[in-house]
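Asker: Read off the chains here:
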Amino acid sequence: MNIELLLIVGHITGTIIGVGGATMIEAHLAQSLKDKLVSKDEKDILAIDYHMVRIGLVLSIVTGFGFLILDKFTDNTAELYDPQLWAKLSIVLLIAGNTLLLQAHKINLYWGSALSFVSWWFAAFVGIMLTEKVHFNFFGNVTFIGEFTSIIITYIVAVIIGAMILQKFRNKISSTI
Amino acid sequence: MSTLFATLLILHILSGLTGVIYSFRVTFLLLKKEIVQMTIARSAYFAFASYIISWVAGGWYYWKYYGSNVKPAITSGDFPWAHIVFMESKEHIFLFLPFATLALALTLSFTGDVIITNSRLKRAVIFLSLAITALAIIVTLSGILISGGAR
Chain A
44 MNIELLLIVG HITGTIIGVG GATMIEAHLA QSLKDKLVSK DEKDILAIDY HMVRIGLVLS
104 IVTGFGFLIL DKFTDNTAEL YDPQLWAKLS IVLLIAGNTL LLQAHKINLY WGSALSFVSW
164 WFAAFVGIML TEKVHFNFFG NVTFIGEFTS IIITYIVAVI IGAMILQKFR NKISSTI
Chain B
1148 MSTLFATLLI LHILSGLTGV IYSFRVTFLL LKKEIVQMTI ARSAYFAFAS YIISWVAGGW
1208 YYWKYYGSNV KPAITSGDFP WAHIVFMESK EHIFLFLPFA TLALALTLSF TGDVIITNSR
1268 LKRAVIFLSL AITALAIIVT LSGILISGGA R
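Going down the list, the protein sequences come from chains A and B.
First residue of the first sequence: 44, per this note's numbering; consecutive thereafter.
First residue of the second sequence: 1148, per this note's numbering; consecutive thereafter.
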C-alpha cells in the first residue's frame, strides 16, 4: 500500500470518527438534558463520545500533516499556501481551543456545542472542497485573503445558524416530557 | 535531498507535532476538576522528549542542509518573508520551548499536592502550559509557511 493511500484512509477515518463523535455528542446531550439532569450513566456515555472525538482529532491532525510532508517532498509546495488549507487549519485550531474553553467552563453550552458540532462538519466540507479543487470567493478577484475571508465568513454564519438550530432541537426534545 | 536529510525533516515535523499534542494534553488535563498530577507530569515529559528529538533533528537539518540549499531559494523567491520573518522567529522560540516544557514537567513532579490546594500556583502552571502550547502551535504553523515559501 502506498503512503498517500494510507494517509487518505487514515484522514477519512479520523474525520468520520470526529464528525460522527461530534454528532453523537449533540444527540446524547439533547437526550440527557431532556429532564434537566445528567445522570451518571448519561455522563459515562458522553465521556465515550468526547473520547472518540479526541481520537478523531488526533488521527486527522497527524494524517493531515502527513499530506503536508508529502506535498513538500513532491515539490507541490504551492499547495501549502492554499487559502482553503489555512481556513481548515484555523477551524481545527478553533475546535481545539473550544475543547479547552469547554473544559475550563469558560464558554456556555449554546456556543460551545455549536462550535464543536458545526466546526467538525464545516472542516469536513472544506476538506472535500480542497480535494475536489472547488473554490468560492465573495470578493470577485481571486486572492488568498479574499478566498480565506469568504470561507471564514461562511463558517461564522454556519456557527450562528447551527447554534440556533441545535437550541431549537434541544427545546423540542425537552418539551416532549 | 538525501535520504538522511529527508529522514531528519520528517522526524523534526512528526516529533514536533507529537510535542504539540502532548502539550495540549497537559493544558487540557490541568483544566479538569480533578487533577491526576503524575499523569499530567508524564505527558509533560513526553512533550519535552518530543521537542528535544525535534530540536536535534531540525537543528541538524538546518545546519547541514537548510542554510545552504533552502534558505537561498526562499530569500531569492516570491516569499522571502517566509524565512526572514517566520524562520527567524521560529528558530528563536524553538530554542526555549523544550526548557519551558521541562520546567513545567519538573514543577508538576515536585510540587506534590500543593498544586491542587494552591490556586495561585495552579493558575500560574496553567498559564505556562497554555503559553507553551500556543507557542508550539505558532512554531508548527510557521513551519508550514516556510515549507510553502521554498519553490
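Rather than coming from a laboratory, the hints here were simulated on the basis of the structure.
Honestly, I wouldn't trust all of these hints.
As the list claims (entries may be wrong) - Below 25 Å or equal to it, Euclidean Cα-Cα: the simulated DSS-like pairs (lysine-lysine) are:
| hint | chain 1 | residue 1 | chain 2 | residue 2 |
| --- | --- | --- | --- | --- |
| 1 | A | Lys86 | A | Lys149 |
| 2 | A | Lys149 | B | Lys1218 |
| 3 | A | Lys176 | A | Lys86 |
| 4 | A | Lys215 | A | Lys83 |
| 5 | B | Lys1180 | B | Lys1269 |
| 6 | A | Lys215 | A | Lys86 |
| 7 | A | Lys77 | A | Lys176 |
| 8 | A | Lys86 | A | Lys211 |
| 9 | A | Lys176 | A | Lys83 |
| 10 | A | Lys83 | B | Lys1211 |
| 11 | A | Lys79 | B | Lys1179 |
| 12 | B | Lys1211 | A | Lys86 |
| 13 | B | Lys1211 | A | Lys149 |
| 14 | A | Lys149 | B | Lys1180 |
| 15 | B | Lys1269 | B | Lys1179 |
| 16 | A | Lys83 | B | Lys1179 |
| 17 | A | Lys176 | A | Lys79 |
| 18 | B | Lys1180 | A | Lys79 |
| 19 | A | Lys86 | B | Lys1179 |
| 20 | A | Lys149 | A | Lys83 |
| 21 | A | Lys149 | A | Lys211 |
| 22 | A | Lys215 | A | Lys77 |
| 23 | A | Lys149 | A | Lys77 |
To be verified - Listed next, the stretches of chain B that the computed footprint assigns to chain A, with coverage defined by at least 3 CB atoms under 8 Å from CB atoms of chain A:
| hint | region |
| --- | --- |
| 24 | 1253-1266 |
| 25 | 1280-1293 |
Quick reminder that beta carbons are idealized off the backbone N, C-alpha and C, glycines included.
Asker: All hints are to be evaluated individually against the structure, with a verdict given for each.
Answerer: Evaluation of the provided hints:
1. Between Lys86 of chain A and Lys149 of chain A the alpha-carbon distance is near 20 Å, which keeps this suggested pair within the 25 Å criterion.
2. For the suggested pair Lys149 of chain A and Lys1218 of chain B, the alpha carbons sit about 43 Å apart, so the restraint of at most 25 Å is broken.
3. Simply put, Lys176 of chain A and Lys86 of chain A have alpha-carbon atoms about 41 Å apart, too far for the 25 Å limit, and the pair is violated.
4. Restraint check for Lys215 of chain A and Lys83 of chain A: satisfied, since their Cα atoms lie roughly 23 Å apart, inside the 25 Å limit.
5. The straight-line distance between the Cα atoms of Lys1180 of chain B and Lys1269 of chain B is roughly 12 Å, inside the 25 Å bound, and the hint therefore holds.
6. Among the hinted pairs, Lys215 of chain A with Lys86 of chain A is consistent with the structure: their alpha-carbon atoms are about 21 Å apart, no more than 25 Å.
7. For the given pair, Lys77 of chain A sits about 42 Å from Lys176 of chain A by alpha-carbon distance, which is inconsistent with the 25 Å threshold.
8. Distance hint between Lys86 of chain A and Lys211 of chain A is fulfilled; the C-alpha atoms sit about 22 Å from each other, no more than 25 Å.
9. Taking the CA atoms of Lys176 of chain A and Lys83 of chain A, the gap is near 46 Å; set against the 25 Å cutoff, the hint is violated.
10. Of the pairs offered as hints, the one joining Lys83 of chain A and Lys1211 of chain B is violated, with about 57 Å between alpha carbons and a cut-off of 25 Å exceeded.
11. The hinted pair formed by Lys79 of chain A and Lys1179 of chain B meets the criterion: a straight-line CA distance of about 23 Å does not exceed 25 Å.
12. Taking the CA atoms of Lys1211 of chain B and Lys86 of chain A, the gap is near 53 Å; set against the 25 Å cutoff, the hint is violated.
13. This hinted pair does not check out: Lys1211 of chain B and Lys149 of chain A have alpha carbons roughly 46 Å apart, beyond 25 Å.
14. The hinted pair formed by Lys149 of chain A and Lys1180 of chain B meets the criterion: a straight-line CA distance of about 13 Å does not exceed 25 Å.
15. Our distance criterion of 25 Å between C-alpha atoms is met by Lys1269 of chain B and Lys1179 of chain B, whose separation comes to about 11 Å.
16. Restraint check: the Cα-Cα separation between Lys83 of chain A and Lys1179 of chain B comes to about 17 Å, which is no more than 25 Å; the hinted pair holds.
17. Note on Lys176 of chain A and Lys79 of chain A: the hinted pairing is violated, with a Cα-Cα distance of about 45 Å set against a maximum of 25 Å.
18. Pair hint Lys1180 of chain B plus Lys79 of chain A holds up; C-alpha atoms about 21 Å apart against a cutoff of 25 Å.
19. Note on Lys86 of chain A and Lys1179 of chain B: the hinted pairing holds, with a Cα-Cα distance of about 15 Å set against a maximum of 25 Å.
20. Restraint check for Lys149 of chain A and Lys83 of chain A: the C-alpha separation of about 23 Å stays at or below 25 Å, so the hint holds.
21. About 23 Å separates the Cα atoms of Lys149 of chain A and Lys211 of chain A, which keeps this hinted pair within 25 Å; it holds.
22. Simply put, Lys215 of chain A and Lys77 of chain A have alpha-carbon atoms about 9 Å apart, close enough for the 25 Å limit, and the pair holds.
23. Distance check on the hinted pair: Lys149 of chain A and Lys77 of chain A sit about 23 Å apart at the alpha-carbon level, within 25 Å; holds.
24. Under the rule that three or more residues need a Cβ within less than 8 Å of chain A, the assignment of the region 1253-1266 of chain B is violated, with 0 such residues.
25. Check on the region 1280-1293 of chain B: 4 of its residues sit with their Cβ under 8 Å from a Cβ of chain A, so the three-residue criterion for coverage holds.
The earlier numbered hints that this structure contradicts are 2, 3, 7, 9, 10, 12, 13, 17 and 24.
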